[in-house]
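Engineer: The sequence shown begins at 97 in my numbering and counts up one residue at a time.
If you are wondering where the hints come from, they were derived from the structure by calculation, not from laboratory data. Fair warning: there could be bad hints in the mix.
[As the list claims (entries may be wrong)] Below, computed lysine to any residue pairings styled on SDA-like, alpha-carbon distance capped at 25 Å:
hint, residue 1, residue 2
1, LYS132, HIS212
2, LYS154, THR358
3, LYS116, GLY268
4, LYS332, ASP227
5, LYS336, ASP261
6, LYS320, LYS336
7, LYS132, GLU204
[Claimed, not checked] DEER-style ranges, computed between Cβ atoms:
hint, residue 1, residue 2, range
8, GLU188, LYS311, 50 to 58 Å
9, PRO126, ASP228, 20 to 28 Å
10, ARG276, PHE400, 39 to 47 Å
11, GLY148, PRO285, 35 to 43 Å
12, ASN425, GLY347, 16 to 24 Å
13, GLU297, GLU137, 29 to 37 Å
14, GLN129, GLY347, 35 to 43 Å
15, GLU442, SER207, 48 to 56 Å
16, LYS332, GLY394, 54 to 62 Å
17, SER103, ARG145, 20 to 28 Å
18, GLU374, GLU175, 24 to 32 Å
19, GLY148, PRO126, 31 to 39 Å
The structure displayed is predicted, hence computed values, not measured ones. Positions of the beta carbon are idealized from the N, C-alpha and C atoms, including for glycine.
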Amino acid sequence: MLMTGKSISLYIHIPFCTQKCDYCHFYVLPDKQPLKSLLMEGLRLEWKRLQGLLEGKKIASVYFGGGTPYLLGVTFIAEILSWISSLQTTDEFRSMEITLEANPENIEQNSLREYHSIGINRLSIGIQSLDDRHLLTLSRRHSAQKGIQAVENAFNVGFSNISIDLMYDLPGQNFESWKRTVERATSLPITHLSLYNLTIEPHTVFFKYREALSKQLPDDEISKTMYELACEKFEKVGLKQYEISAFAKDGLIARHNTGYWTGRPFLGLGPSAFSYWEGSRFRNIANLSKYLRQLQEGTSPVDFSEELSQEAGMRELLAINLRLLDGVNISAFEQQNGLLSPESKEVLMQLEKEGYLQNSTNEVWMLSRQGILFYDTVASEIVL
Numbered sequence: 097m098l099m100t101g102k103s104i105s106l107y108i109h110i111p112f113c114t115q116k117c118d119y120c121h122f123y124v125l126p127d128k129q130p131l132k133s134l135l136m137e138g139l140r141l142e143w144k145r146l147q148g149l150l151e152g153k154k155i156a157s158v159y160f161g162g163g164t165p166y167l168l169g170v171t172f173i174a175e176i177l178s179w180i181s182s183l184q185t186t187d188e189f190r191s192m193e194i195t196l197e198a199n200p201e202n203i204e205q206n207s208l209r210e211y212h213s214i215g216i217n218r219l220s221i222g223i224q225s226l227d228d229r230h231l232l233t234l235s236r237r238h239s240a241q242k243g244i245q246a247v248e249n250a251f252n253v254g255f256s257n258i259s260i261d262l263m264y265d266l267p268g269q270n271f272e273s274w275k276r277t278v279e280r281a282t283s284l285p286i287t288h289l290s291l292y293n294l295t296i297e298p299h300t301v302f303f304k305y306r307e308a309l310s311k312q313l314p315d316d317e318i319s320k321t322m323y324e325l326a327c328e329k330f331e332k333v334g335l336k337q338y339e340i341s342a343f344a345k346d347g348l349i350a351r352h353n354t355g356y357w358t359g360r361p362f363l364g365l366g367p368s369a370f371s372y373w374e375g376s377r378f379r380n381i382a383n384l385s386k387y388l389r390q391l392q393e394g395t396s397p398v399d400f401s402e403e404l405s406q407e408a409g410m411r412e413l414l415a416i417n418l419r420l421l422d423g424v425n426i427s428a429f430e431q432q433n434g435l436l437s438p439e440s441k442e443v444l445m446q447l448e449k450e451g452y453l454q455n456s457t458n459e460v461w462m463l464s465r466q467g468i469l470f471y472d473t474v475a476s477e478i479v480l
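Model the full structure from these sequences, guided by the hints.
Structural biologist: As structure tokens, then:
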């Protein structure tokens, strides 16, 4: 099936947070020790179920996401890493990208040192904004200064690969306030930055108040200007854009996320975790007690699965590949995945006519500047 091979990735969902943010639609739980113990019991059982699939596979990256996986604690994270290292050679484990998500309010130097010492080699810090007013709007628990301090502390204890998240299109945000956040971010010792515009999702506090909030959001022209300013400022400090929402210093692109965009198989562990394996997509149940009970009973915790047809899988992978600004070499893509249908190629040519794609070499298709700004349009045309 699509893009299978010996190299895979692992995603481990750690759902604990000190507080659920008003815009967040992910599965999260309160930061309580008894719940952490239950999660670990489930993860141990799920690991045993999946171990056979992992044997003989090189694990290219491990990503602890959430929630706030930093809250799980060094002891439990170290245990999970010991399971992974047991399936890899020493050199393979050392070369692996291992990312831990953290929030500024939870970061302190002693635990940073401990996480660094057990093998975490990439930290992803959820700063979101460097403006206290917007942090309050987002119901974040840290200040702008705390966000800056968290990055500096991580750098000072030895983390040489630090990513931060920033959000724009926020209620009450204008061009000048965004410019200040961008300028403050570019002064930090970071190697990677992920840039997201706010989307108001169902089952969030923001969704409940979406009509009032929509009146406070920047208009489309200001949003476009904000995005372009960020791209320009990040480029000037060596954070080169390599994907629609991602910027990195040379040699430090996010290997884990790049695996998603290029179709590398991955397994997700933990409640609500997604997997993509041998042309199938599946998701664990988003409920800790049900997740654990099913594993204790010897059954799979998966509550959704979908097997993609060859054509549907290729179209979806092509759309995701196009997120990377280097584009897609169609010959290499077809050699790896099979021939695209004439209908799929017609869609690409139509998107080129409409100005969303460019094809300067007849081999490599890539997003135009307009295509970057309207990627959702491009993706929906290719996938449907």
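Engineer: Under the constraints set out in the numbered hints, which ones does this structure not fulfil?
Structural biologist: Violated hints: none at all, because every hint is consistent with the structure.
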